[in-house]
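Trainee: So the chains spell out like this:
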Amino acid sequence: RKEVEQDPGPFNVPEGATVAFNCTYSNSASQSFFWYRQDCRKEPKLLMSVYSSGNEDGRFTAQLNRASQYISLLIRDSKLSDSATYLCAVKVGRRALTFGSGTRLQVQP
Amino acid sequence: EPEVTQTPSHQVTQMGQEVILRCVPISNHLYFYWYRQILGQKVEFLVSFYNNEISEKSEIFDDQFSVERPDGSNFTLKIRSTKLEDSAMYFCASTPDRDTQYFGPGTRLTVL
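Protein sequence lines correspond, in order, to chains Y and F.
When you read off a place in the first sequence, starting at 1, and then add 17, the result is the number in our numbering.
When you read off a place in the second sequence, starting at 1, and then add 685, the result is the number in our numbering.
Okay, chain F solo, but in the shape it has when bound (with noise of 0.2 Å):
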C-alpha cells in the first residue's frame, strides 16, 4: 500500500538556524498539506497546497515558514530561522481529493 514518508525522523537544531523538512507524498495525490503537533497538544494545520501554490495557510504558518514541491515527487517545509517554539513534530499529508487525508510518519524538530 502507497505510503506517504518523511525525512528526517528526527532533527535537532540550534535557534536561528534554517531547516528543510522532506516529504514524498503518495505518487497519485495532488493536495498536500503540513501540519504540526507540539508535545502534549493537538494538531495544527499550517498550509495547504495545490497545482504548484499555496492554497490555504493558518496564522501559524508566518514568513519564516515556506513550502515547495521542487520536482515531481518531494514537497518540502523550510523554516527560515528556527526558534524554540517551533520544536514540534511536523506532520505532510495527502489526499487524491481533498476529502480523506493521509499522513507520513512526521519529522520531530528539536530547536535547541
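One chain only, chain Y, in its complex shape (with noise of 0.2 Å):
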C-alpha cells in the first residue's frame, strides 16, 4: 500500500463549484498533515496545514480523519485560477515530508 495516496483526476469542475479530495494515508504514527497546490513546472507551494479540528482559510476548508486515516480539503466558489495540481503531504515526528501524487484540478469557464 503506498504511503499516501490520492486520486489523480483530472477534476473538471465549472466555475463556482464545489469540489473535494480526498488523501488517504497508511502510517497511523503521521503527526502532521499538509495540502500543497502545485501549478505545471512549478514549486509546491503551501496551501493550507491540517489540524485536528480542521481549518478554513477562505474558499478552502481541509478535515483530517485520523481514525479512518485520510485528510480531505474542499474548494467552494471554484476560480479558473485554482486549476493546478493539489499535494497532500504527512509527516511523521520530526521527519521529512511525505506526498502523494497529486490530484489535478481543471476549473473550466
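Hints were generated in silico from the structure; no laboratory data involved.
Hints are not guaranteed to be accurate.
[Claimed, not checked] Rough simulated footprint, nothing fancy, chain Y against chain F, three-plus residues with beta-carbon under 8 Å:
(1) 717-728
(2) 787-794
[Stated by the list, open to error] No more than 30 Å apart at the CA atoms, straight line, and that leaves these computed lysine-lysine pairs for DSS-like:
(3) F/K727 x Y/K62
(4) F/K727 x F/K763
(5) F/K768 x Y/K59
(6) F/K742 x Y/K59
(7) Y/K62 x Y/K96
[What the hints assert, rightly or not] Residues from chain F shown here face chain Y by an in silico Cβ test under 7 Å; the list is partial:
(8) S733
(9) E741
(10) F776
(11) R783
(12) D784
Glycine included, C-beta positions come from ideal geometry on N, C-alpha and C.
Could you use the hints to bring the two separately framed chains together as a complex?
Mentor: Dropping the structure here:
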C-alpha cells in the first residue's frame, strides 16, 4: 500500500462549483498534515496545514479523520485560477514530508 | 515576504559530470531539505540537514549525492557523476520549526 494516496483526477469542474479531494495515508503515526498546490513545472506552494479540529481559509476547508486515516480539501466557489495539482503531504514526527502523487483540478469557464 | 531561492533555474549536463545545485534558504530557518520530482511523478524526499549535518536521508540519496552548507547562507546539493535517471526538478525547502516547509522554485536538471 502506498504511504500517501490520492486520486490523480483530473477533476473537471465549472467555475463556481464546489469540489472535494481526499487523501489517505498508511502510517498511523503520522502527526502533521498539509495541502500544497503545485502549478505545472513549479514548486509546491503551501496551501494550508491540516489540524485535528479542521481548518478553513477563505474558500478552502481542510479536514482530518485520524480514525480512517484520511485528510480532505474542499474548495468552494471554484475560480479559473484554482486550476492546479493539489498535493497532500504527511509527516511522521520530525521526519521529512511524504507526498502523494497529487490530484489535478481543471476549472472550466 | 522572504523566499527560498535556487540557482540555476535550469542545468544541462552530460552523463558522468558533476553538478552542484545551490539554494539560499530563508534566513532565520534552521532545517533544510532537498526533494526531487521526476517529470510526471510525485515529489520525493532526498535529505534533510540541521546543525551542519545530515539528519535524515532517503534510499535515493546514495554515495553519488552530498550536501553542504559552505557558509551562513548557501545550502548545496552535489551529484558526483550524473546519470540519465537523475534528470528531474530538484527543490530545496526550509523551515524554522521542522514543521511547515517552504519550497524554492527548483532547478531543472537535464542529463544528456
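Trainee: For every hint, state whether the structure bears it out.
Mentor: Outcome of the hint check:
Coverage of the segment 717-728 of chain F by chain Y holds in this model, with 5 residues showing a Cβ closer than 8 Å to a Cβ of that chain against a need of three. A stretch counts as covered by a chain when three or more of its residues have a beta carbon under 8 Å from one of that chain; for the segment 787-794 of chain F and chain Y the count is 6, and the coverage holds. Note on F/K727 and Y/K62: the hinted pairing holds, with a Cα-Cα distance of about 14 Å set against a maximum of 30 Å. The hinted pair formed by F/K727 and F/K763 meets the criterion: a straight-line CA distance of about 21 Å does not exceed 30 Å.
Between F/K768 and Y/K59, the direct Cα distance comes to roughly 23 Å. Compliance with the 30 Å bound is thereby established for this hinted pair. Note on F/K742 and Y/K59: the hinted pairing holds, with a Cα-Cα distance of about 23 Å set against a maximum of 30 Å. For the hint pairing Y/K62 with Y/K96, the CA-to-CA distance comes to about 17 Å; that is within 30 Å, so the pair holds. Hint on F/S733 holds. Least Cβ distance to chain Y is approximately 5 Å, under the 7 Å limit.
Because the beta carbon of F/E741 sits about 6 Å from the nearest beta carbon in chain Y, less than 7 Å, this interface hint is met. Using the Cβ-Cβ criterion of 7 Å, the hint placing F/F776 at the interface with chain Y is satisfied: the shortest such distance is roughly 6 Å. The closest approach between the C-beta of F/R783 and any C-beta of chain Y is roughly 5 Å, which is under the 7 Å cut-off, so the hint is satisfied. Evaluation of the F/D784 hint against chain Y yields a held restraint, the C-beta minimum of about 6 Å falling below 7 Å.
Violated hints: none; the structure is consistent with every hint.
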